[in-house]
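Enquirer: Sequence:
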Amino acid sequence: METDEMELDTLGDRKTALFVIISDTDDTFNFVVSILYTQLFNLLCDKADDEYGGRLPVHVRCLLDEFAVRS
Numbered sequence: 001m002e003t004d005e006m007e008l009d010t011l012g013d014r015k016t017a018l019f020v021i022i023s024d025t026d027d028t029f030n031f032v033v034s035i036l037y038t039q040l041f042n043l044l045c046d047k048a049d050d051e052y053g054g055r056l057p058v059h060v061r062c063l064l065d066e067f068a069v070r071s
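Residue numbers for the sequence shown follow this note's numbering, beginning at 1 and rising by one.
The hints are simulated quantities; they were obtained by calculation from the structure and are not laboratory data. Note that the coordinates shown come from a computational prediction; the quantities given were computed from them, not determined experimentally. Some clues are possibly wrong.
Stated by the list, open to error - Within a straight-line C-alpha distance of at most 20 Å, the following computed DMTMM-like cross-link-like pairs (lysine to aspartate or glutamate) qualify:
1. Lys47 with Asp24
2. Lys15 with Glu5
3. Lys15 with Glu66
4. Lys47 with Asp9
5. Lys15 with Asp4
6. Lys15 with Asp46
7. Lys47 with Asp13
8. Lys47 with Glu5
9. Lys47 with Glu2
To be verified - Ranges of calculated distance between the beta carbons of each label pair, as one might list FRET restraints:
10. Leu56 with Val20: 34 to 40 Å
11. Val32 with Asp9: 29 to 35 Å
12. Thr28 with Asp49: 21 to 27 Å
13. Val60 with Glu5: 27 to 33 Å
14. Leu64 with Thr28: 16 to 22 Å
15. Arg14 with Asn42: 35 to 41 Å
Every residue, glycine too, gets a C-beta built ideally from N, C-alpha and C.
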């Protein structure tokens, strides 16, 4: 992949909605979603600490329906 199409690094800078939709019947790619969540939370925490003194300029809300089931 040559370019970053998700632009996770912009979350917390501007209003953004990220929808992650996976299959109800096939769990083959659930690990990808787990990696995404891990990267996202680490990125947001590091960014808040390193660039904004511990607080992002845009409040981030995560609505994780069936999060524990998929992770």
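Enquirer: Indicate, hint by hint, whether the structure satisfies it.
Expert: Each hint, compared with the structure:
With a C-alpha separation of about 33 Å, the suggested pairing of Lys47 with Asp24 is violated against the 20 Å cut-off. A threshold of 20 Å between alpha carbons decides the hint, and for Lys15 with Glu5 the separation of about 17 Å falls inside it, so the pair holds. Between the alpha carbons of Lys15 and Glu66 the distance comes to roughly 24 Å, so the proposed pair goes past 20 Å and is violated. Annotation: proposed proximity of Lys47 to Asp9 holds, straight-line Cα distance about 8 Å (limit 20 Å).
Distance restraint check for Lys15 and Asp4: the Cα-Cα separation of roughly 18 Å lies within the 20 Å cut-off, and the hinted pair is therefore satisfied. Our distance criterion of 20 Å between C-alpha atoms is met by Lys15 and Asp46, whose separation comes to about 19 Å. For the hint pairing Lys47 with Asp13, the CA-to-CA distance comes to about 10 Å; that is within 20 Å, so the pair holds. A C-alpha spacing of about 19 Å is found between Lys47 and Glu5, which places the hinted pair at or below 20 Å, so the restraint holds.
A C-alpha spacing of about 23 Å is found between Lys47 and Glu2, which places the hinted pair above 20 Å, so the restraint is violated. Separation of Leu56 from Val20 is about 20 Å and departs from the stated range, judged on CB atoms against 34 to 40 Å. Look at Val32 against Asp9: about 19 Å separates their beta carbons, and that is not inside 29 to 35 Å. Range check, Thr28 to Asp49: about 35 Å between beta-carbon atoms, so the 21 to 27 Å window is missed.
Under the hint 27 to 33 Å, the C-beta atoms of Val60 and Glu5, about 20 Å apart, miss the expected range. The hinted window of 16 to 22 Å between Leu64 and Thr28 holds, with their beta carbons roughly 20 Å apart. A C-beta distance of roughly 20 Å is found between Arg14 and Asn42, which places it outside the suggested range of 35 to 41 Å.
Checked against the numbered hints given earlier, this structure breaks hints 1, 3, 9, 10, 11, 12, 13, 15; the rest are met.
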